[in-house]
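Colleague: Reassemble the complex: the two chains are provided individually, in unrelated frames, and hints are given to aid placement.
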Amino acid sequence: MSRVRSKRRAEFKDRASLFAALGDETRLSIIGKLSAGAPLSISRLTAGSELTRQAITKHLRVLEGAGVVRSVRAGRESLFEFTPEPLKDLRSYLEQVSDQWENALARLKAFVED
Amino acid sequence: MKNTIEKRIELNAPVSRVWRALTDHREFGEWFRVKLDGPFAPGQVSTGHITYPGYEHIQWEVTVQKMEPERLFSFTWHPYAVDPAIDYSKEPTTLVEFTLEAKDGGTLLVLTESGFDAIPKDRQFEAFRMNDGGWTEQMKNIEGYVARPL
Numbered sequence: 001m002s003r004v005r006s007k008r009r010a011e012f013k014d015r016a017s018l019f020a021a022l023g024d025e026t027r028l029s030i031i032g033k034l035s036a037g038a039p040l041s042i043s044r045l046t047a048g049s050e051l052t053r054q055a056i057t058k059h060l061r062v063l064e065g066a067g068v069v070r071s072v073r074a075g076r077e078s079l080f081e082f083t084p085e086p087l088k089d090l091r092s093y094l095e096q097v098s099d100q101w102e103n104a105l106a107r108l109k110a111f112v113e114d
Numbered sequence: 001m002k003n004t005i006e007k008r009i010e011l012n013a014p015v016s017r018v019w020r021a022l023t024d025h026r027e028f029g030e031w032f033r034v035k036l037d038g039p040f041a042p043g044q045v046s047t048g049h050i051t052y053p054g055y056e057h058i059q060w061e062v063t064v065q066k067m068e069p070e071r072l073f074s075f076t077w078h079p080y081a082v083d084p085a086i087d088y089s090k091e092p093t094t095l096v097e098f099t100l101e102a103k104d105g106g107t108l109l110v111l112t113e114s115g116f117d118a119i120p121k122d123r124q125f126e127a128f129r130m131n132d133g134g135w136t137e138q139m140k141n142i143e144g145y146v147a148r149p150l
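Each protein sequence line maps, in turn, to chains A and B.
Quick note on our numbering: the first sequence kicks off at 1 and runs consecutively.
Quick note on our numbering: the second sequence kicks off at 1 and runs consecutively.
The shape of chain B in the complex, shown without the other chains (with noise of 0.2 Å):
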């Protein structure tokens, strides 16, 4: 089971406009679908509503990490979270990061979402010092028990 999420997509468009349409609210809420009450910067918490069809009674609330102009854009966020009944607060907040490269006079976007695996963070880096490696290999000897046909 893979714990991170990752997405490659080639878009024809410059790295510059594709910085734009991450980097300004307005842009950012047209095609993510989110009305935000403001822009976006480093360390900051992102607040809004989003606006796609159907969803409308969900709140926006993103902590943004990382603005590194035409090359990092990141934030933290609870994912998935889509009913308003749930306290989401209580539920691991995972890292989203979109990072821009060029390539072929477009631009190549790789978006991924980690952390689902829940470490609380100021255990984390203790956990990898204190097993090298072991985190990944358990989670691949999950992946390959969960992959087998039942």
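One chain only, chain A, in its complex shape (with noise of 0.2 Å):
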């Protein structure tokens, strides 16, 4: 029962943290580089944009605690990489909201028709 609960939490709080990280244009605007699929350096992030190398990498310390990017090396170099996992996650408990309200509009249907 604990362990259900502590697990739950965890869940809850992936979830806050990974809507929290979310909730942020220049973290989203890494994601969609990041999201083409490619690993990218600190450089290849901070190119084109008007922020600085270290401004970059705390957002992407950020996402990283998020789960939604590691890094990767490639010889000296640190690489940053997408990893979708917890927006899948995400996805699913949109899914569970969904099904909610699904079975809800279908009582309110009955409710109503009768």
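Treat the hints with caution; some may be incorrect.
What the hints assert, rightly or not - One side of the interface only, derived from the structure: several residues of chain B facing chain A at Cβ under 7 Å: (1) 11; (2) 12; (3) 13; (4) 17; (5) 21; (6) 31; (7) 32; (8) 36; (9) 72.
Said to hold, decoys possible - Cut-off 20 Å, straight-line C-alpha distance, at most; resulting in silico cross-link-like pairs (PhoX-like, lysine-lysine): (10) B:103 to A:88; (11) A:33 to A:88; (12) B:7 to A:109.
Claimed, not checked - Have a look at the derived ranges for each label pair, beta carbon to beta carbon: (13) A:26 to B:95: 21 to 27 Å; (14) B:114 to A:51: 51 to 57 Å; (15) B:35 to A:106: 16 to 22 Å.
Hint data in this document are derived by calculation from the structure and do not stem from the laboratory.
For clarity, every value in this text was computed on a predicted model and none was experimentally measured.
Glycine included, each C-beta is placed from N, C-alpha and C at the ideal position.
Modeller: Right under this line is the structure:
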């Protein structure tokens, strides 16, 4: 029971931090660039942006913390890669909410058509 | 990944009937399975508890936003807040909107739940102004990526 609860708590915390991580246009634009599939270096991510390398690094850490980005070594360079699994969890969460509405509206339909 | 839930359903009942089922707190409670403490009023917090079997321990708390007769009923809440051990007040709220439209003697009901993207409200407008369409575009990118088979 307590294990179930702490697992739920962990899921909740992850979801909240994922929401928070995605609620920022800079971080979303980083995700946008990485979601093309290829891992990119900080220099590539900084190019064409008004932000400094340090600022981009800070945002990458937040995304890493939320589990949607991970760093991989390529020779002497550190590259950053998009890891979509947490977004899939988020999608399944939305599906749960969606199913609840499906059921509620079916009950409403029965109620008003009675 | 869509960040808005949308459901459309046609009901064989006039708009006035559906409006009552949505906004009379006793009737709402019947089909939604919640025992509400009092009537809905715009700007007011509505409290009660869920009566759905197995979920009776869950409190109902929403803030009613708009009640435009026979057209729009909306409230904000914490979606899927089913674990009493969790403080959902830190989770972003979403906006639930019921929109009604007369159709062929019945009612077309459109339900949307939005705000899962969770940009803090004070920044939402700013973000869109600064980067018109940027958010939508990024969500599309993510959607495209996530939809790909692994």
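Colleague: Next, verify each hint and record whether it holds.
Modeller: Hints, verified against the model:
1. 11: It holds, given that the least Cβ distance between residue 11 (chain B) and chain A is near 6 Å, below 7 Å.
2. 12: Status holds, d = 5 Å.
3. 13: holds (4 Å)
4. 17: Holds - the Cβ of residue 17 (chain B) comes within 7 Å of chain A, reaching about 5 Å at its closest.
5. 21: holds (5 Å)
6. 31: With Cβ-Cβ at 4 Å, under 7 Å, it holds.
7. 32: OK, holds: residue 32 (chain B) within 7 Å of chain A, min 6 Å.
8. 36: Check failed: Cβ of residue 36 (chain B) comes no nearer than 15 Å to chain A, outside 7 Å.
9. 72: Cβ of residue 72 (chain B) sits 16 Å from chain A, so the hint is violated.
10. B:103 to A:88: violated (37 Å)
11. A:33 to A:88: holds (18 Å)
12. B:7 to A:109: Roughly 13 Å between the alpha carbons, so the hint for residue 7 (chain B) and residue 109 (chain A) holds.
13. A:26 to B:95: 21 to 27 Å: This hint holds: roughly 25 Å between Cβ atoms.
14. B:114 to A:51: 51 to 57 Å: Roughly 29 Å apart at Cβ, these two residues miss the hinted range, so it is violated.
15. B:35 to A:106: 16 to 22 Å: holds (20 Å)
In this structure, the hints that do not hold are numbers 8, 9, 10, 14, in rising order.
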